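Colleague: Top to bottom, those sequences are chains D and W.
Residues in the first sequence are numbered from 705 upward in steps of one, following the working numbering.
Residues in the second sequence are numbered from 705 upward in steps of one, following the working numbering.
Misleading hints may appear alongside valid ones.
Incomplete in silico selection of chain W near chain D, CB under 8 angstroms [unchecked claim]:
id	residue
1	V782
2	L810
3	S1000
4	E1003
5	Q1008
Okay, the calculated bits of chain W under chain D, using three or more residues with CB under 8 angstroms as the criterion [as the list claims (entries may be wrong)]:
id	segment
6	768 to 780
7	953 to 966
Straight-line distance between alpha carbons at most 20 angstroms, and here's what the computed DMTMM-like set of lysine to aspartate or glutamate pairs gives [stated by the list, open to error]:
id	chain 1	residue 1	chain 2	residue 2
8	D	K809	W	D973
9	W	K809	D	E963
10	D	K933	D	D981
11	W	K809	D	D981
12	W	K974	W	E963
13	W	K924	W	D941
14	W	K711	D	E963
15	W	K809	D	E994
16	D	K809	W	E1003
17	D	K809	W	E963
18	D	K809	W	E994
19	W	K712	D	D981
20	W	K809	W	D789
Hints in this document: simulated from the structure, not taken from any laboratory.
In this text the structure is predicted, and so the values were computed from the model without any measurement.
Each residue gets a CB set at the ideal place from its N, CA and C atoms; glycine is no exception.
There are 2 protein chains.
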Amino acid sequence: MRVNVPKKTLADVLSNVERIIPARSSNPGLSLLRIDLEDGGLVLSGSSLDIDVRAKVPADVSGEGSYAVVAHVFGMVVRSLPADDVELDLTENELQITSGSYTTKLQLVAPGSTAVVSFTDELPGEIDADQLAKALTSARYAAAVADFQAVFRGVKLELADDRFRAVATDGFRLAYYDLGLGTGLEGDVIVPARSVDELLRVLGDGPVRLSLDGGQMSVKHGDYSLNLKLMEGAFPDYERVIPANFPVSITLSASRLAEAVNRVSLMADKTANNRVDLFVKDGVATITAEGSYGRSQEELPVMQEGTDSEIAVAYNARFLVDALGPVGGDVRLMFSGASSSPSVVRDLGDDNYLAMVVPLRTS
Amino acid sequence: MRVNVPKKTLADVLSNVERIIPARSSNPGLSLLRIDLEDGGLVLSGSSLDIDVRAKVPADVSGEGSYAVVAHVFGMVVRSLPADDVELDLTENELQITSGSYTTKLQLVAPGSTAVVSFTDELPGEIDADQLAKALTSARYAAAVADFQAVFRGVKLELADDRFRAVATDGFRLAYYDLGLGTGLEGDVIVPARSVDELLRVLGDGPVRLSLDGGQMSVKHGDYSLNLKLMEGAFPDYERVIPANFPVSITLSASRLAEAVNRVSLMADKTANNRVDLFVKDGVATITAEGSYGRSQEELPVMQEGTDSEIAVAYNARFLVDALGPVGGDVRLMFSGASSSPSVVRDLGDDNYLAMVVPLRTS
Chain D
705 MRVNVPKKTL
715 ADVLSNVERI
725 IPARSSNPGL
735 SLLRIDLEDG
745 GLVLSGSSLD
755 IDVRAKVPAD
765 VSGEGSYAVV
775 AHVFGMVVRS
785 LPADDVELDL
795 TENELQITSG
805 SYTTKLQLVA
815 PGSTAVVSFT
825 DELPGEIDAD
835 QLAKALTSAR
845 YAAAVADFQA
855 VFRGVKLELA
865 DDRFRAVATD
875 GFRLAYYDLG
885 LGTGLEGDVI
895 VPARSVDELL
905 RVLGDGPVRL
915 SLDGGQMSVK
925 HGDYSLNLKL
935 MEGAFPDYER
945 VIPANFPVSI
955 TLSASRLAEA
965 VNRVSLMADK
975 TANNRVDLFV
985 KDGVATITAE
995 GSYGRSQEEL
1005 PVMQEGTDSE
1015 IAVAYNARFL
1025 VDALGPVGGD
1035 VRLMFSGASS
1045 SPSVVRDLGD
1055 DNYLAMVVPL
1065 RTS
Chain W
705 MRVNVPKKTL
715 ADVLSNVERI
725 IPARSSNPGL
735 SLLRIDLEDG
745 GLVLSGSSLD
755 IDVRAKVPAD
765 VSGEGSYAVV
775 AHVFGMVVRS
785 LPADDVELDL
795 TENELQITSG
805 SYTTKLQLVA
815 PGSTAVVSFT
825 DELPGEIDAD
835 QLAKALTSAR
845 YAAAVADFQA
855 VFRGVKLELA
865 DDRFRAVATD
875 GFRLAYYDLG
885 LGTGLEGDVI
895 VPARSVDELL
905 RVLGDGPVRL
915 SLDGGQMSVK
925 HGDYSLNLKL
935 MEGAFPDYER
945 VIPANFPVSI
955 TLSASRLAEA
965 VNRVSLMADK
975 TANNRVDLFV
985 KDGVATITAE
995 GSYGRSQEEL
1005 PVMQEGTDSE
1015 IAVAYNARFL
1025 VDALGPVGGD
1035 VRLMFSGASS
1045 SPSVVRDLGD
1055 DNYLAMVVPL
1065 RTS
């Protein structure tokens, strides 16, 4: 069996597929890439414990057949090829890769050794890739990294008529993004945040087809098919902790605020929650931090609502900066009164985004 | 005391000085930056165990005085400043840094706490910075990284009338570069390779003044003064191991050969010296590698001298690629006969460079 394919075409798709397949696994089958030869192209597929992936690579193919090779080795070789074109010659036991005057022979594995993956063609849901990406990136950062209850490491999707919300929280901060449109699907599901990252990497332009079935969300977009395993467990009832009343709020450039917080936090004690203090009074926000090396301060003019009050509140600097990330222009930072109750971040140019940050106790 | 200075001017010099000063040290004095205020500028100085550094920063200075601050904290703050200009206000105990609406106060330390460093103005030697940089970079890579006798981690400089040679070896490979000119200094010295790296970073255009005295090489170049502690011990008698006769040699593009070796070595077993095999016969060089994942091969047409012989030799791929690094155009790779005796690399466009690589035993 022989395949001729431009190096760039193969390398681009392979890198997205290879990243999902674990380079090392206690189950050696999991580190394999399956290669199926079809009329008009190659089909590459593989799986981690959380994601199945399949992608088509348009190519000049003679013959049919199924093969398996160690994914990261194949990827490493393809990336290094010297010429613009690649020839793959496949026998039962060996994959010969030729490009220019360079040749590599890799051992093949029986295709039955790979994880069994299947992809449905029944995908009743649909959403635009740009919109899906915007919603997922706006919420995903608020998911917990590790050492937390599993659902805190996921992104919840709330799907209904005229409703698509992505929401994540680690208990100290929360973010959601509403698309205000339906996908044709209904239900609440939790997708692991790391699976969301992989989905985001393959999203380009055009429609994304979706289905929910058998504990997974299936996605089809362009040449890619993905199955994302869903998380079990109850997502926290987050809406009840979002404050409704804000005696004081300030409006200013989100990037200006984020830069100032980053700068001031250089003096913050990293072992004490990376604390920065924010004082708001008379249309001026003063950000300060103090640690063993010294003290830093920056003042920013702001548009203040609730001018008869002043605000003193402390945050983990990173949580505040993360919450500002999705805001393109001006941000409204809203204070719910007592210094320990949550602050809310809204994008003045986009009502669909909301973030909440729980202040640090100031003792 | 007050200093006004453009942020970029201060940040550029500070980064070169700060990199030499250890961020952490069991001797807290070593992690300090000394700041002296002089007419027309700041003088920043500090020391590691191997290098003393001093640099002038032109600035608008009112007053005189000497201060000390934790170097990496000062560097971190200066890099993050928001505006183009910086004001430093120094009192006995505190350095206040102001830039735009941002202010930081850092604790100062008594200047007597810093390491005592002095820099000579008697520098009888002189060399052009470009030439010094070329010689040092061409030899430095061949020095050992660690776990070797100390002199193998140094670069030897051989200074005499009409002679400046930089040479380094780790016992498995060797590189030297001859400038064929005198500096006004005489003697053989060994400079730690890491100190050579720091010297290379501050070399720009123009003359470099040198002196050898009291176990150190002193360097003055532009606004920088450095003292590089010299290494003690006998450098190996390397010239006697460089072969004189080469029954076979090949000539080809150095970059083409390096790329092919890198590519082929992807299949090499990293735990077995990263071995690549080179076969030369009838004007074709064939590079192969074999490991647990498979086998790779690339053929390159070469200009071969000694065409009645064939050559089979094995190298650590990285050592061969490193040796080709300083060669801009075509390289001559010269084989000394038996497969275990060293190969020599010459730059066809620059007689001053020589590298030697000891082949792997092929048993």
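Colleague: Could you run down the list of hints and mark each one as holding or not?
Modeller: Structure-based check of all given hints:
| no. | hint | result |
| --- | --- | --- |
| 1 | V782 | violated (10 angstroms) |
| 2 | L810 | holds (4 angstroms) |
| 3 | S1000 | holds (4 angstroms) |
| 4 | E1003 | holds (5 angstroms) |
| 5 | Q1008 | violated (17 angstroms) |
| 6 | 768 to 780 | holds (count 3) |
| 7 | 953 to 966 | holds (count 3) |
| 8 | D:K809 <-> W:D973 | holds (15 angstroms) |
| 9 | W:K809 <-> D:E963 | holds (19 angstroms) |
| 10 | D:K933 <-> D:D981 | violated (41 angstroms) |
| 11 | W:K809 <-> D:D981 | holds (16 angstroms) |
| 12 | W:K974 <-> W:E963 | holds (18 angstroms) |
| 13 | W:K924 <-> W:D941 | violated (31 angstroms) |
| 14 | W:K711 <-> D:E963 | holds (17 angstroms) |
| 15 | W:K809 <-> D:E994 | holds (9 angstroms) |
| 16 | D:K809 <-> W:E1003 | holds (15 angstroms) |
| 17 | D:K809 <-> W:E963 | holds (19 angstroms) |
| 18 | D:K809 <-> W:E994 | holds (9 angstroms) |
| 19 | W:K712 <-> D:D981 | violated (29 angstroms) |
| 20 | W:K809 <-> W:D789 | holds (17 angstroms) |
Of the numbered hints stated above, those contradicted by the structure are hints 1, 5, 10, 13, 19, listed in ascending order.
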